[in-house]
Amino acid sequence: EDQVTQSPEALRLQEGESSSLNCSYTVSGLRGLFWYRQDPGKGPEFLFTLYSAGEEKEKERLKATLTKKESFLHITAPKPEDSATYLCAVHVAGGADGLTFGKGTHLIIQP
Amino acid sequence: NAGVTQTPKFRILKIGQSMTLQCTQDMNHNYMYWYRQDPGMGLKLIYYSVGAGITDKGEVPNGYNVSRSTTEDFPLRLELAAPSQTSVYFCASNKGQGTYEQYFGPGTRLTVT
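Chains as they are written, first to last, in our numbering: chain A, 1 to 111; chain B, 112 to 224.
Hints in this document: simulated from the structure, not taken from any laboratory. You may find that some hints are simply not true.
[What the hints assert, rightly or not] Incomplete in silico selection of chain A near chain B, CB under 7 Å: (1) ARG31; (2) GLY32; (3) GLY43; (4) HIS91; (5) ASP97; (6) GLY98.
[What the hints assert, rightly or not] A few chain A residues that don't get close to chain B, going by computed Cβ distances all over 10 Å: (7) GLY16; (8) THR65; (9) LYS69; (10) LYS79; (11) ILE108; (12) GLN110.
[To be verified] Derived pair list, reagent style DSS-like, types lysine-lysine, alpha-carbon separation capped at 27 Å: (13) A/LYS69 with B/LYS155; (14) A/LYS42 with A/LYS79; (15) B/LYS120 with A/LYS42.
From the three backbone atoms N, C-alpha and C, an ideal C-beta is built for every residue, glycine too.
Just chain B, with the same shape it has in the complex:
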């Protein structure tokens, strides 16, 4: 199993541009998450999904959108990128069923200038 994969690894955006960060997992996990990690800060939850067709906001959802059309994929959309969205983004998944440990992808480093 590849686990959780993310693309791209790196991206530079100009202010006002849009992009989609891709996340795919091959573990048949129902639960998927997006976090951002800023220097010196803990990971912050952006959005999460408990299954295909179901998404919900986390702690820092402003400026982002998500969709979950399949169990495997959970893309994160940035509209009108701002410098405050410069961060490292991690996707994670969890099988649920009474377990809570999450498995993370390698991350996408995004710079908005």
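Okay, chain A solo, but in the shape it has when bound:
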């Protein structure tokens, strides 16, 4: 069974304090790994797609990386507006054509 595990479940940082969120996956036939941001009461907002080990993507203070077993979302010098739940998802070959999601990391950035 395809599995996506995110850690930690929750993370509280001071403004400017850099850190990383982890997404480990156990799947057969990875077609892509995705990071989303979700604000309270809103739908997930697409951030990044990573297709192969070694790939990196950046957007403002966020940088996503991928290995054969896990992905990291690095947050550099975060600001309070980066507070959100960050979701990791995978798309695998075969089976239903949908994404398998982790439970998310709830990130709080304190001023």
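Position chain B against the provided structure of chain A, taking the given hints into account.
The following block gives chain B in isolation, referenced to the frame of chain A:
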């Protein structure tokens, strides 16, 4: 572009009632999806469609039905609502063509009492 829109935003149903959650996208995407999100859980795929007239079951399809008569619309039907269907429902779309990232609507929060 409005992207993916969903109506209603909120709804309260009594056990045994039925309703349709509406989803429309204006990006001309072929692929559309319905997910549910329960507290502390990851999003779960209910149904999906790879084009007009084609639908298929996801991980948790029981108690739901879908149809896809146009590229733009993908309604989700709940028959005989049960408390276990209390959840937040998200519709998403993807253009296909070798890409897999999905774009989500704002969600419908449904309570069944």
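Results of checking the hints against the structure:
1. The interface hint given for A/ARG31 holds, since its Cβ lies 6 Å from the closest Cβ of chain B, which is under the 7 Å cut-off.
2. Interface hint status for A/GLY32: upheld, as the beta-carbon distance to the closest one in chain B is roughly 5 Å, under 7 Å.
3. Annotation: interface hint on A/GLY43 holds; nearest CB of chain B at approximately 4 Å, less than 7 Å.
4. Of the supplied interface hints, the one on A/HIS91 holds, with its beta-carbon coming within about 4 Å of a beta-carbon of chain B, less than 7 Å.
5. Given hint, A/ASP97 at the interface with chain B, holds; its Cβ is 6 Å from that chain's nearest Cβ, closer than 7 Å.
6. Because the closest C-beta pair between A/GLY98 and chain B is about 4 Å apart, less than 7 Å, the hint holds.
7. Its beta-carbon lying about 30 Å from the closest one in chain B, A/GLY16 satisfies the requirement of being farther than 10 Å from that chain.
8. Taking the minimum C-beta to C-beta distance to chain B, about 17 Å, the non-interface status of A/THR65 holds against the 10 Å cut.
9. No Cβ of chain B approaches the Cβ of A/LYS69 within 10 Å, the least distance being about 18 Å, so the stated non-interface status holds.
10. With a closest Cβ-Cβ approach of about 24 Å to chain B, A/LYS79 is found to remain outside the 10 Å limit, as its non-interface label requires.
11. A cut-off of 10 Å between C-beta atoms confirms that A/ILE108 is not in contact with chain B; the least separation is 17 Å.
12. A cut-off of 10 Å between C-beta atoms confirms that A/GLN110 is not in contact with chain B; the least separation is 23 Å.
13. Restraint check for A/LYS69 and B/LYS155: the C-alpha separation of about 22 Å stays at or below 27 Å, so the hint holds.
14. For the hint pairing A/LYS42 with A/LYS79, the CA-to-CA distance comes to about 20 Å; that is within 27 Å, so the pair holds.
15. Of the supplied pair hints, the one linking B/LYS120 and A/LYS42 holds, its CA atoms being roughly 10 Å apart against a limit of 27 Å.
Checked against the numbered hints given earlier, this structure breaks none of them.
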